[in-house]
Amino acid sequence: MVEEPIIEQYGYILNDFNVIRDTIRSGDTFGDILFANGVSQEKIMEVATKFRDSFDVRKIGVGKPYVLLNSKDSLNKTQVFIYETNPIDYAVVDFRDTLSIYNSQKPVRYEEREASGIITSSLSATMEEQKLSPYMTDQLASIYAWTVNFFKLQPGDRFKVVYTEKFIDDTIPGGLQEIKAAYFEHRGKPLYAFKFTSDSLGKISGYYDEQANNLKRAFLKAPVKFSRISSRYNLNRRIKYYGFKLRPHRGTDFAAPVGTPILATADGVVTKSEYRGGNGNYVKIQHNGTYETQYLHMKARNVKAGQHVSQGDVIGWIGMTGNTSGPHVCYRFWKNGKEVDPFKDDTPFSQPLPNELRDQYFANLLPIKEKLDCISF
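Taking the numbering used here, the leading residue of the sequence shown gets 1170, the next gets one more, and so forth.
It should be emphasised that the hints constitute simulated quantities derived from the structure, not laboratory data. Be careful, since some hints might not be right.
Derived SDA-like pairs: lysine to any residue, alpha-carbon spacing no greater than 20 Å straight-line [claimed, not checked]: (1) Lys-1385 <-> Ser-1400; (2) Lys-1468 <-> Asn-1505; (3) Lys-1385 <-> Thr-1366; (4) Lys-1212 <-> Ser-1195; (5) Lys-1246 <-> Lys-1300; (6) Lys-1246 <-> Gln-1210; (7) Lys-1453 <-> His-1418; (8) Lys-1538 <-> Ile-1193; (9) Lys-1358 <-> Arg-1265; (10) Lys-1241 <-> Asp-1266; (11) Lys-1468 <-> Pro-1496; (12) Lys-1275 <-> Gly-1286; (13) Lys-1300 <-> Gly-1343; (14) Lys-1349 <-> Gly-1200; (15) Lys-1219 <-> Arg-1265; (16) Lys-1246 <-> Gly-1286; (17) Lys-1504 <-> Lys-1468; (18) Lys-1228 <-> Arg-1265; (19) Lys-1219 <-> Lys-1241; (20) Lys-1241 <-> Gly-1180; (21) Lys-1390 <-> Arg-1419; (22) Lys-1473 <-> Asn-1457; (23) Lys-1441 <-> Pro-1426; (24) Lys-1358 <-> Lys-1300; (25) Lys-1349 <-> Pro-1521; (26) Lys-1504 <-> His-1456.
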């Protein structure tokens, strides 16, 4: 007789129970599920009232998985209820003996991997061709957002990455965890990026090049991801509709579908968030004593005057309000009170790596740079 293999999950030997796996459906309640499986109303009420801080039964969500560990007898009564809040975290309600409730996590394993690609049409298309996570597109775009204009990638631009992938319960793919190092070659110019944590608590990290220069500039290249420039800053613009009269364009238009998120290009304080004439819905941000930015024609605004915003925060969504013939955001950029072209202005880098950390940085860089350089395209 072949012995039944022992199956362990959530800290329980599943062989000891009748296991029922299901998902929360519309109309389901914690009480209904447990009462239908032999748990008394008294126990259900005890969970709902005494243990709300550990597990709030009112917040179970439609589509979330749950597991019932029922007794292996004629009663088939639930002894343990397990609710998965996300692919890793779960809550356990154990009805055996003294009622206990706790939160835990599935074991997670991180595996280092390598990838490379040559741009054919776009970064996202190349990722798809290489069967890489779409999230890697976003991460690379974020890493190089201050140094590469992703609206002007050229066929033949190429990249290499060393990254970690997450596996839940050892075998279930959990997606891209982080990019540890990257190489991006744009218009023949090589750009390295190495992730480094610059504080003792492990909370502040960023990407630096092979000379320890911070890749993050004070401003993003654009307020919209993966859009296109439909009209550039042009003080000599003449439009046929207006009889070719001089009508300077002091902004840069980024065309994208209605509803596309618009991002703050740098940290700052919102000084204007309103609807006005040809501007439509717009937001203006004061970044410091030198720089201001403005974002016009929004469908809707997501910030209020006086609010502090961080670089990359969603401040509104692409729309067609005010004077506009199509969905876009007109991005305007001030330096010392004068509107300038952000693509020609030399915006500053953010904080450099402190001198006392440079030796540690270079020591960490050497092995992973060697690994990156050995990846073929």
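Each hint, compared with the structure:
{"no.": "1", "hint": "Lys-1385 <-> Ser-1400", "in the structure": "violated (26 Å)"}
{"no.": "2", "hint": "Lys-1468 <-> Asn-1505", "in the structure": "violated (29 Å)"}
{"no.": "3", "hint": "Lys-1385 <-> Thr-1366", "in the structure": "holds (14 Å)"}
{"no.": "4", "hint": "Lys-1212 <-> Ser-1195", "in the structure": "violated (23 Å)"}
{"no.": "5", "hint": "Lys-1246 <-> Lys-1300", "in the structure": "violated (45 Å)"}
{"no.": "6", "hint": "Lys-1246 <-> Gln-1210", "in the structure": "holds (13 Å)"}
{"no.": "7", "hint": "Lys-1453 <-> His-1418", "in the structure": "holds (17 Å)"}
{"no.": "8", "hint": "Lys-1538 <-> Ile-1193", "in the structure": "violated (47 Å)"}
{"no.": "9", "hint": "Lys-1358 <-> Arg-1265", "in the structure": "violated (64 Å)"}
{"no.": "10", "hint": "Lys-1241 <-> Asp-1266", "in the structure": "holds (16 Å)"}
{"no.": "11", "hint": "Lys-1468 <-> Pro-1496", "in the structure": "holds (9 Å)"}
{"no.": "12", "hint": "Lys-1275 <-> Gly-1286", "in the structure": "violated (33 Å)"}
{"no.": "13", "hint": "Lys-1300 <-> Gly-1343", "in the structure": "holds (15 Å)"}
{"no.": "14", "hint": "Lys-1349 <-> Gly-1200", "in the structure": "violated (46 Å)"}
{"no.": "15", "hint": "Lys-1219 <-> Arg-1265", "in the structure": "holds (17 Å)"}
{"no.": "16", "hint": "Lys-1246 <-> Gly-1286", "in the structure": "violated (54 Å)"}
{"no.": "17", "hint": "Lys-1504 <-> Lys-1468", "in the structure": "violated (27 Å)"}
{"no.": "18", "hint": "Lys-1228 <-> Arg-1265", "in the structure": "violated (23 Å)"}
{"no.": "19", "hint": "Lys-1219 <-> Lys-1241", "in the structure": "violated (28 Å)"}
{"no.": "20", "hint": "Lys-1241 <-> Gly-1180", "in the structure": "holds (18 Å)"}
{"no.": "21", "hint": "Lys-1390 <-> Arg-1419", "in the structure": "holds (17 Å)"}
{"no.": "22", "hint": "Lys-1473 <-> Asn-1457", "in the structure": "holds (18 Å)"}
{"no.": "23", "hint": "Lys-1441 <-> Pro-1426", "in the structure": "violated (24 Å)"}
{"no.": "24", "hint": "Lys-1358 <-> Lys-1300", "in the structure": "violated (26 Å)"}
{"no.": "25", "hint": "Lys-1349 <-> Pro-1521", "in the structure": "holds (19 Å)"}
{"no.": "26", "hint": "Lys-1504 <-> His-1456", "in the structure": "holds (10 Å)"}
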